[in-house]
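Residue numbers (the UniProt record's numbering), protein chains in the order written: chain A, 1 to 436; chain B, 1 to 436.
Since the hints were made in silico from the structure, they are not lab data. Keep in mind that a hint or two might mislead.
To be verified - Ranges between beta-carbon positions, derived for each pair:
#1 A:E109 <-> B:T217: 23 to 33 Å
#2 B:Q436 <-> A:E125: 26 to 36 Å
#3 A:K137 <-> B:G208: 38 to 48 Å
#4 B:E219 <-> A:H152: 36 to 46 Å
#5 A:E252 <-> B:E109: 31 to 41 Å
#6 B:N195 <-> A:H411: 47 to 57 Å
#7 A:E109 <-> B:Q436: 47 to 57 Å
#8 B:K71 <-> A:E287: 35 to 45 Å
#9 A:V403 <-> B:R341: 56 to 66 Å
#10 A:E227 <-> B:A111: 28 to 38 Å
In this text the structure is predicted, and so the values were computed from the model without any measurement. In this text, a Cβ means the ideal position worked out from N, Cα and C, and glycines have one as well.
Protein chains: 2
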Amino acid sequence: MPQPHIFPSFAGEFFSRISYMEKAVLITIGDEILSGNTVDTNSNFIASELKNIGIKVVQIFTISDEIDTIKNTLSEAFQLGDLVITTGGLGPTRDDKTKKALAEFFNDEIALDEVTFNHLKGYMERRGRADILERNKEQAFVPTKSIVFQNHFGTAPCMMMELDGKLSYSLPGVPYEVKPLIKDQIIPYLQEKFNLNYIHSRIVSVVGIPESILADTIEDWELALPENMSLSYLPVGTRVKLRITASGDNEEALKQQTEDKIQKLLPLIKDHVIAVSEDKIENILAEILTERKLTISTAESCTGGELAKMITSVSGSSKYFLGGMVAYATEKKIKILNVSRETVDQFTVVSEQVAQEMAKGCQELFDTHISLSTTGVAGPGKGEDGKDIGTVFYTIRIKDQEVTSKLYMPHLERVDFMDFVSQKVIQDLVGLLISQ
Amino acid sequence: MPQPHIFPSFAGEFFSRISYMEKAVLITIGDEILSGNTVDTNSNFIASELKNIGIKVVQIFTISDEIDTIKNTLSEAFQLGDLVITTGGLGPTRDDKTKKALAEFFNDEIALDEVTFNHLKGYMERRGRADILERNKEQAFVPTKSIVFQNHFGTAPCMMMELDGKLSYSLPGVPYEVKPLIKDQIIPYLQEKFNLNYIHSRIVSVVGIPESILADTIEDWELALPENMSLSYLPVGTRVKLRITASGDNEEALKQQTEDKIQKLLPLIKDHVIAVSEDKIENILAEILTERKLTISTAESCTGGELAKMITSVSGSSKYFLGGMVAYATEKKIKILNVSRETVDQFTVVSEQVAQEMAKGCQELFDTHISLSTTGVAGPGKGEDGKDIGTVFYTIRIKDQEVTSKLYMPHLERVDFMDFVSQKVIQDLVGLLISQ
């Protein structure tokens, strides 16, 4: 674990005064998120990493890069949590005012830190930029009461400050810089310094039952959960994820407690459970395919590569995913996937029959046990064949058996449509494999 | 435009008291985001839709589903903005307390609304669920001082309330339900009722110049921007997007003003500008390919379908994207893309030579002007050929010319790696096409 650089004026004795670290508040600074230009993925990553070490994010503020707003929000955040993490607002450009706000809030001054400056110089030199501009040098100015965690993938360092026995970390906003700072430096640091509570959580994936009926079915079970456990409903497409979370100081006891409760839950909804434990449907699929030594391939039209991407986003997927084809143009479906021209002429390209032939051709091309195909119109605008947008046929072929289904989702935006259909296809496949 | 249902006790005269609508605050309610389980995409969508009609999101709160927290946040939000939009916390399950908090905050009561109940009944019946549970019926209970916008894609209606001449809308949290409510109902409603300011914004995409040098280069230009205009730096991979935003009451004047400023900016950075106006790199590519009538295909290994997905996420991409191949297994690269076994044996599968042969084979298979190929190891875990993770070779082939490049990004997580590489490949292609 890389060691942070402790600035000489840092009040080093404060750790003895902090006995717990349970609640975190995140502050996202800058115009990118507020303007709708960028989706905030940092908060998601940080919240999930903190959860793993037993720290719960209780609130997230997304604010503009203005000194007064930053100071007011810091003050509110320190009231709500033991740990405050800010991201953004540390770039070298004019619209970043975070460091000034930090100094004012902590009643501190900004000074050039030689260690940080040398780190920065090395970072720039390795990138062939020996001429450090004044603007870059500014990045090595930090509050004098901070502990500095060097940034190995960018120019803005992470600064840790302390207030009344609570901690704040200020990070840059670029996700590629945030992730290693959190994962390799901040998390290990918190684990080393504090006795943290454990949080254990498991996910039960349920399909084929509406959320309201599900809630009625398991109401008595939910009401009987003890104080330290909670249940959340997380709908994803047509699947509902039930997340059971427990917190406490004994990891083994928590695991046992959660397992006991899940064993009581399963009989209540047994026909609808497709997986326990794994969260994402592509991970559930990975478990099944790996265990059964099955291979898979994809032939996509309207999902445009998203289906292959979902499957390959799982580490180790090269063991079962042999390949995929995005056959966008009709001629390519005919040439490469061996779809017959007569079938296209007779039934149009968005049809049950073409989906079936695509799956068959795909299975032969890649020589896999399973093949998946999609053909449809993601929209907007009518498809070339005159069918309405939002229609998709998909075939799941397992060895010599196949199931073809149709979806009609005209209200979805293009990318949502591609995501939704891919989710649904993999979910159906998981359902089929489990029932086999 | 669908008309909302006005509840009898709604104080209908308040519109005459509202003269402006400029600042919005978003509140995201529920555990999904805070726990790191779900990325908040609703805020992004809503902020961007509001920006189009001249309303600026000034702050976003993400809070837990607790009555006091919701009430306190509503109160803070009404101080910061003229318009408050909440999402989430309206599901039929136990963890949703938003409606109760709304009633308490607005000093109102919840009552069954017959119109909403009938809408709900119709919605359930169309889905073949004639037996409405008590729990579903609860969805038709709304505050008596609200205006109800019916939800056509889910069971929780949207409720509009008024406080001291400011408005709040409470929506469910499911993105598929949020989008049509915002786009088809709330935005047209706001446009009809208020005289809104226009916001005009344009993006200049810049590559090959670090953010700090860019900032120095255009500093004088930026300082000379008038009050109603602002500049933001939005880094995406190795590209920097400069967003120039102007607001005012005359749309035409704003457009002219922005255009004038951009014409003064371009000569300062001319060698680095790859596009003006379009935001996403795949849209920039779409413009160029459509204009020049060029077709494109992809052969992917480590990007696993993301490259094809990025290209096909643009509406109208079927005009130029003929198809893609995800050749994950080495044997499939040989069999389908015609990569020679000798090349693989001599240079390994992650090599410049294999990238080149993949691009060539892909161009022939799909018969396109342009082909793109990627071969690398996304990790984690060493690649089968022994090369370190994070290495990728990619070839861009335009007619009979080709460029092959290498990237080494070992610090990126798997999905980030796939995204980053795909962004970079398309960005390089755009650069090459522009310089031709």
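query = Can you list which hints this structure breaks, lowest number first?
reply = 3, 4, 5, 6, 9
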